[in-house]
Amino acid sequence: MSTELIHPENPVEQFLRSDRIPHIWCPGCGIGTTVNCFTRALIDSKANLDKLAIVSGIGCTGRVAGYLDLDSFHTTHGRAIPFATGLKLANPDLSVVVYSGDGDLFAIGGNHFIHAARRNVDIKVVCVNNLVYAMTGGQTGPTTPGSVVTATNPYGTFEPSFNLPQLAEAAGAVYVARWTTFHVRQLARSMYEMFQKKGFSFIEVLSPCPTLYQRRNKMGDGLDTMKSYKEKSKKRDGAPTSEVPLTRDGEIVVGKFVDRERPDYLTLMKAQFQASLGERYQEPEMHSGCEFEQSEIDGGTICQ
Amino acid sequence: MKADPKGVLTGTHFMDGDHACCEGALAGGARFAAGYPITPSTEIVERFSSRIPVVGGVFIQMEDELAASITLQGAVWGGAKAFTVTSGPGFSLMMEHIGYAAMTETPCVFVDVQRGGPSTGLPTLPAQGDMMQARWGSHGDYEMIALCPNSPQECFDLTIRAFNLAEQFRTPVMFMMDECVGHMTEKVVIPPAEEIEVTPRRITSRKPGDFQLFEPCADQVPDMVEAGQGYHFHVTGLTHSENGYPSMTVKSQEKLVKRLCSKIRDNFDKISLNEETDLENADVAVVAYGITSRVAMRAIRIVRERGFKVNNRKIRVGMYRLITPWPFPDERIHALAGRIRGFVVPELNLGQMCREVQRAAGGHAVTIPVPHAGGTVHDPETIVAAILEAAK
Chain B
1 MSTELIHPEN PVEQFLRSDR IPHIWCPGCG IGTTVNCFTR ALIDSKANLD KLAIVSGIGC
61 TGRVAGYLDL DSFHTTHGRA IPFATGLKLA NPDLSVVVYS GDGDLFAIGG NHFIHAARRN
121 VDIKVVCVNN LVYAMTGGQT GPTTPGSVVT ATNPYGTFEP SFNLPQLAEA AGAVYVARWT
181 TFHVRQLARS MYEMFQKKGF SFIEVLSPCP TLYQRRNKMG DGLDTMKSYK EKSKKRDGAP
241 TSEVPLTRDG EIVVGKFVDR ERPDYLTLMK AQFQASLGER YQEPEMHSGC EFEQSEIDGG
301 TICQ
Chain U
1001 MKADPKGVLT GTHFMDGDHA CCEGALAGGA RFAAGYPITP STEIVERFSS RIPVVGGVFI
1061 QMEDELAASI TLQGAVWGGA KAFTVTSGPG FSLMMEHIGY AAMTETPCVF VDVQRGGPST
1121 GLPTLPAQGD MMQARWGSHG DYEMIALCPN SPQECFDLTI RAFNLAEQFR TPVMFMMDEC
1181 VGHMTEKVVI PPAEEIEVTP RRITSRKPGD FQLFEPCADQ VPDMVEAGQG YHFHVTGLTH
1241 SENGYPSMTV KSQEKLVKRL CSKIRDNFDK ISLNEETDLE NADVAVVAYG ITSRVAMRAI
1301 RIVRERGFKV NNRKIRVGMY RLITPWPFPD ERIHALAGRI RGFVVPELNL GQMCREVQRA
1361 AGGHAVTIPV PHAGGTVHDP ETIVAAILEA AK
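Residue numbers (this note's numbering), protein chains in the order written: chain B, 1 to 304; chain U, 1001 to 1392.
Looking at chain B on its own, in the form it has when it is part of the complex (with noise of 0.2 angstroms):
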């Protein structure tokens, strides 16, 4: 009697450059579980992979953009956003997400997180949030909960931390959710309705981070952190942004807080200018390549 397999290959494979595996994180990490409800989004949503292009910042969300096999961009600290917003507005016909982390996107790069999602440009961005910087060794970020111990705050942290999805609605996102990397079924849902928005659209995903901060404060590995958002976490779709913060040891809400219709950046802008200049307006071209005979001068492709 044989077995069929009923997938020869893992299918989510053919969306990773398999040849950079093995990645850099750590057993228990939860980011390698958002990849993977990514491209279960990717696959749900019919997505074209050419069209595509995924922005990450520094740290170890970061890494993200150099595992995916899609036209990827790892950029500075903090600004994945602003280089998403350059890559949307000259490409429009590019589907752009920024992956990144808690400390990348809302330290580093609050600044920038806000005047996006002010502006509505139709970027999709992820934030795994493992409430500390890890890549450098996990010190206190802006997400960390007060009552916890980090490289930084060695007597426990003491600092206010920022209630994301209330940020991000505040600032003017379109959907706004949450879920934990326990959540992977919902995750890659709510990662399919963000593919489905125009606007800006973000996702907070938490995720543990058990070499340091787990272990430091004495929550156990993976799998405990793992038992953890299952029992403390509550789904609850629509609730007010303001009644979601997250603390150390409190209720995790989880869902849909926000699902609603703005116009985008590029709507706004040509509304304005077809209003203002009429039929002087020119949509804009962005063509820099040569669309000549090409002849190889110097090795490299020069135009007649």
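If you're looking for bench data, these hints aren't it; they were derived computationally from the structure. Keep in mind that a hint or two might mislead.
[As the list claims (entries may be wrong)] Simulated DEER-style distance windows between Cβ atoms: (1) U:G1011 / B:N48: 42 to 50 angstroms; (2) B:A275 / U:Q1061: 51 to 59 angstroms; (3) U:H1334 / B:T267: 52 to 60 angstroms; (4) U:R1265 / B:Q272: 41 to 49 angstroms.
[As the list claims (entries may be wrong)] Once the Cα atoms are required to be at most 25 angstroms apart in a straight line, the calculated BS3-like pairs of lysine-lysine come out as: (5) B:K51 / U:K1207; (6) U:K1006 / U:K1187; (7) U:K1270 / U:K1251; (8) U:K1002 / U:K1187; (9) B:K218 / B:K230; (10) B:K270 / U:K1006; (11) U:K1309 / U:K1392; (12) B:K51 / B:K198; (13) U:K1207 / B:K46.
C-beta: ideal position from N, C-alpha, C; glycine also.
Dock chain U against the given chain B, drawing on the hints supplied.
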């Protein structure tokens, strides 16, 4: 290829350097600008924001210069020719992204209309204090191309050249104006589009799977693609191998960083353009750039008019004008040093390019700086005095 006529405002104009720079960018093919307001550069993006909706492109005013200097690079990878415009404090904020552009070989132009510094300094008054910053401002090793116009006409002509060099060598180019040149109004002739040469992006003719984004051609510069074409390429600021993947080894670092430098150094003759006036048989060469080159020309005329002599012979003084301060013309300055008495280097800083002149001269001729802290231009007499001293 020839310029796209949509961006070319052919005709004879009376305009300032800032506006001429904007017209040069449009003629050179720029269809995307990201900026943040800062005196005395703002007029460039103000004009761009007014012109671009009828030319076809995008201007976006970003939340700060950190954003502007990376937004433009996103636009480049999206297929646009793009630039940003700033002045001292904003230029300081952009340094990390100049390094990112150098490392990722992203062709783009940074315009810096120099004002007095450090810090907030003199927002509305001229200086030339960012010349070393343009060369060395980002961390690590790389070579830089920088251009210095000394008139509104050159703000137009050389901005086109800046975009062309950026594309030809896949590198950021610094366009180093100063407040005087930016706000000076003169005649600017914009030729017909068919008379303007524009360098297109080096888009590869290879197919996906057969192309590496950082594999150099014979001129050491790799060809390029833009996002959305099916290449599924990777761009990172990490040290990378020719396929773009991070490769943080000593070997990869040496191979990549040495090429980033040598693709500029070894192509010096294609990049460098400087102007020599009356240097045959000269006793003294004034080395100057930007607005200071025009003040220096006045000083040179004064020396001639007054008939100053050394050893009963009239002093012969000429000018070496740095239009391309970076890469620095080491060999030419060295050659001049062998047959003149001295260099005089007036600049609106307390001594930046004069160090390069002195280094390149290698002790064969004296180098006399004429420093000025900025805020106005030199009194020509200070340059005259230095010329007399150099001629001794």
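Now the hints, each set against the structure:
Distance hint for G1011 (chain U) and N48 (chain B): a CB-CB separation of about 44 angstroms, consistent with the stated range 42 to 50 angstroms. Checked against the hint of 51 to 59 angstroms, the C-beta distance between A275 (chain B) and Q1061 (chain U) comes to roughly 19 angstroms, which is inconsistent with it. Roughly 58 angstroms separates the CB atoms of H1334 (chain U) and T267 (chain B), a value that falls within the hinted 52 to 60 angstroms. Roughly 47 angstroms separates the CB atoms of R1265 (chain U) and Q272 (chain B), a value that falls within the hinted 41 to 49 angstroms.
Using a Cα cut-off of 25 angstroms, the hinted pair K51 (chain B) and K1207 (chain U) holds, with the two alpha carbons roughly 16 angstroms apart. With a CA separation close to 22 angstroms, the supplied pair K1006 (chain U) and K1187 (chain U) stays within the 25 angstroms bound. Under the criterion of a C-alpha separation no larger than 25 angstroms, the hint pairing K1270 (chain U) with K1251 (chain U) is inconsistent with the structure, at around 29 angstroms. Under the criterion of a C-alpha separation no larger than 25 angstroms, the hint pairing K1002 (chain U) with K1187 (chain U) is consistent with the structure, at around 23 angstroms.
Taking the CA atoms of K218 (chain B) and K230 (chain B), the gap is near 18 angstroms; set against the 25 angstroms cutoff, the hint holds. Proximity of K270 (chain B) to K1006 (chain U) is assessed by CA-CA distance (about 19 angstroms); at most 25 angstroms being required, the pair is judged to hold. Proximity of K1309 (chain U) to K1392 (chain U) is assessed by CA-CA distance (about 9 angstroms); at most 25 angstroms being required, the pair is judged to hold. Straight-line distance between C-alpha atoms of K51 (chain B) and K198 (chain B) comes to about 15 angstroms, which keeps the hinted pair within the 25 angstroms bound.
Pair hint K1207 (chain U) plus K46 (chain B) holds up; C-alpha atoms about 24 angstroms apart against a cutoff of 25 angstroms.
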